[in-house]
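> Chain residues, written in single-letter form:
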Amino acid sequence: KNQVEQSPQSLIILEGKNCTLQCNYTVSPFSNLRWYKQDTGRGPVSLTIMTFSENTKSNGRYTATLDADTKQSSLHITASQLSDSASYICVVSADNYGQNFVFGPGTRLSVLP
Amino acid sequence: EPEVTQTPSHQVTQMGQEVILRCVPISNHLYFYWYRQILGQKVEFLVSFYNNEISEKSEIFDDQFSVERPDGSNFTLKIRSTKLEDSAMYFCASSEVFSQETQYFGPGTRLLVL
Chain Z
68 KNQVEQSPQS LIILEGKNCT LQCNYTVSPF SNLRWYKQDT GRGPVSLTIM
118 TFSENTKSNG RYTATLDADT KQSSLHITAS QLSDSASYIC VVSADNYGQN
168 FVFGPGTRLS VLP
Chain G
2 EPEVTQTPSH QVTQMGQEVI LRCVPISNHL YFYWYRQILG QKVEFLVSFY
52 NNEISEKSEI FDDQFSVERP DGSNFTLKIR STKLEDSAMY FCASSEVFSQ
102 ETQYFGPGTR LLVL
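Protein chains in written order, with the numbering used here: chain Z, 68 to 180; chain G, 2 to 115.
By construction, these hints were calculated from the structure, which means they are not laboratory data. C-beta atoms are modelled at their ideal positions from N, C-alpha and C, and glycine is treated no differently. Worth double-checking, as some hints may not be accurate.
What the hints assert, rightly or not - Far from chain G, some chain Z residues (derived; all Cβ distances over 10 Å): (1) N91; (2) D151; (3) P180.
To be verified - The calculated DSS-like cross-link candidates involving lysine-lysine, where the alpha carbons are at most 30 Å apart (straight line), are: (4) K84/Z to K58/G; (5) K43/G to K84/Z; (6) K43/G to K79/G; (7) K124/Z to K68/Z; (8) K84/G to K124/Z; (9) K84/Z to K124/Z; (10) K84/G to K43/G; (11) K58/G to K138/Z; (12) K138/Z to K84/G; (13) K79/G to K124/Z; (14) K124/Z to K58/G; (15) K68/Z to K43/G; (16) K84/Z to K138/Z; (17) K43/G to K58/G; (18) K84/G to K68/Z.
Can you make the complete structure from the sequences, with help from the hints?
So this is what it looks like as C-alpha cells:
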C-alpha cells in the first residue's frame, strides 16, 4: 500500500534554531515529492518539488533533500522564525503522471520566542 | 498576486442534501484539483481535472461526487447526497501547465453535515 510517514509528529524549538523534519515513503511508481507548509485552517502552500533525479532543493530558509534509493526525504529549516509555526506535509506522487498524491500526516512545528 | 478563491467559506447542510462547492482557479492555470481534510487528519486527494475531463481520481471519489467546469472561470465539486462522514475541509488547487508544477491551494470550504 502506498504510504507516507513523517517524523516527528510534533516539534517545539526556540526562535533562531534550526530543525530537520523527516519523511519516509513506500510509494511506487514515484513521480515527485513535495513539501508543503499548512497554517491552521488554511490551504497548504508549496515549499519544494523534487523529481527522481534531484537530491536537494532550496527555497529560502527551507532545504529539502531526497534519497530515492532509501525512499527518504528531509526538510531542513534554518534560523527558524515565529511564522514558521505550522504543519509541514510531505506529499508523494504515486504514478508516472504525478497526479495521484499521497499525503503524509504532517509534522506540527511550534517555534517559541 | 493571483490566488485561488473558494466559496462558501463555511457550509452547513443536512444529511442527504446536495451541496456544491465552488472554486475559481488562477486564471491561466489548466490543471485543477480537489482535496479534503477531515478534522485532525491528513489531506486526501480526491480528483484532478484537465481539458474538461477527470484525469485522475482516488477511491474516495465515488459516484456521490462529481466535478464540473461550467464556464471559463469556475470549478465545482458536487456531493449529491451528503453523509455525516463528508464533513471536512475541502480544498481546491490549480497548477499552471503540467501536473508536476507547483499547485496553489485555495483557503478551503468547511463543510459540516448534520
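> Does each hint hold? Answer for all of them.
Structure-based check of each hint:
A cut-off of 10 Å between C-beta atoms confirms that N91/Z is not in contact with chain G; the least separation is 15 Å. With 10 Å as the threshold on Cβ separation, the claim that D151/Z sits away from chain G holds: the shortest Cβ distance comes to roughly 18 Å. Consistency note on P180/Z: stated as away from chain G, and its beta-carbon is indeed over 10 Å from all of that chain's, at 27 Å minimum. For the given pair, K84/Z sits about 40 Å from K58/G by alpha-carbon distance, which is inconsistent with the 30 Å threshold.
A distance of roughly 27 Å separates the Cα atoms of K43/G and K84/Z; the hinted pair therefore holds under the 30 Å criterion. Of the pairs offered as hints, the one joining K43/G and K79/G holds, with about 21 Å between alpha carbons and a cut-off of 30 Å not exceeded. A hinted pair counts as satisfied when its Cα atoms are at most 30 Å apart, and K124/Z with K68/Z qualifies at roughly 27 Å. Under the criterion of a C-alpha separation no larger than 30 Å, the hint pairing K84/G with K124/Z is inconsistent with the structure, at around 42 Å.
About 20 Å separates the Cα atoms of K84/Z and K124/Z, which keeps this hinted pair within 30 Å; it holds. Distance hint between K84/G and K43/G is fulfilled; the C-alpha atoms sit about 19 Å from each other, no more than 30 Å. For the given pair, K58/G sits about 24 Å from K138/Z by alpha-carbon distance, which is consistent with the 30 Å threshold. Between the alpha carbons of K138/Z and K84/G the distance comes to roughly 37 Å, so the proposed pair goes past 30 Å and is violated.
Between K79/G and K124/Z the alpha-carbon distance is near 37 Å, which puts this suggested pair outside the 30 Å criterion. Between K124/Z and K58/G, the direct Cα distance comes to roughly 29 Å. Compliance with the 30 Å bound is thereby established for this hinted pair. Distance hint between K68/Z and K43/G is fulfilled; the C-alpha atoms sit about 16 Å from each other, no more than 30 Å. Distance restraint check for K84/Z and K138/Z: the Cα-Cα separation of roughly 27 Å lies within the 30 Å cut-off, and the hinted pair is therefore satisfied.
As the CA atoms of K43/G and K58/G are separated by approximately 17 Å, the hinted pair is consistent with the 30 Å bound. Between K84/G and K68/Z the alpha-carbon distance is near 26 Å, which keeps this suggested pair within the 30 Å criterion.
The structure does not agree with the numbered hints 4, 8, 12, 13 stated previously, though it agrees with the rest.
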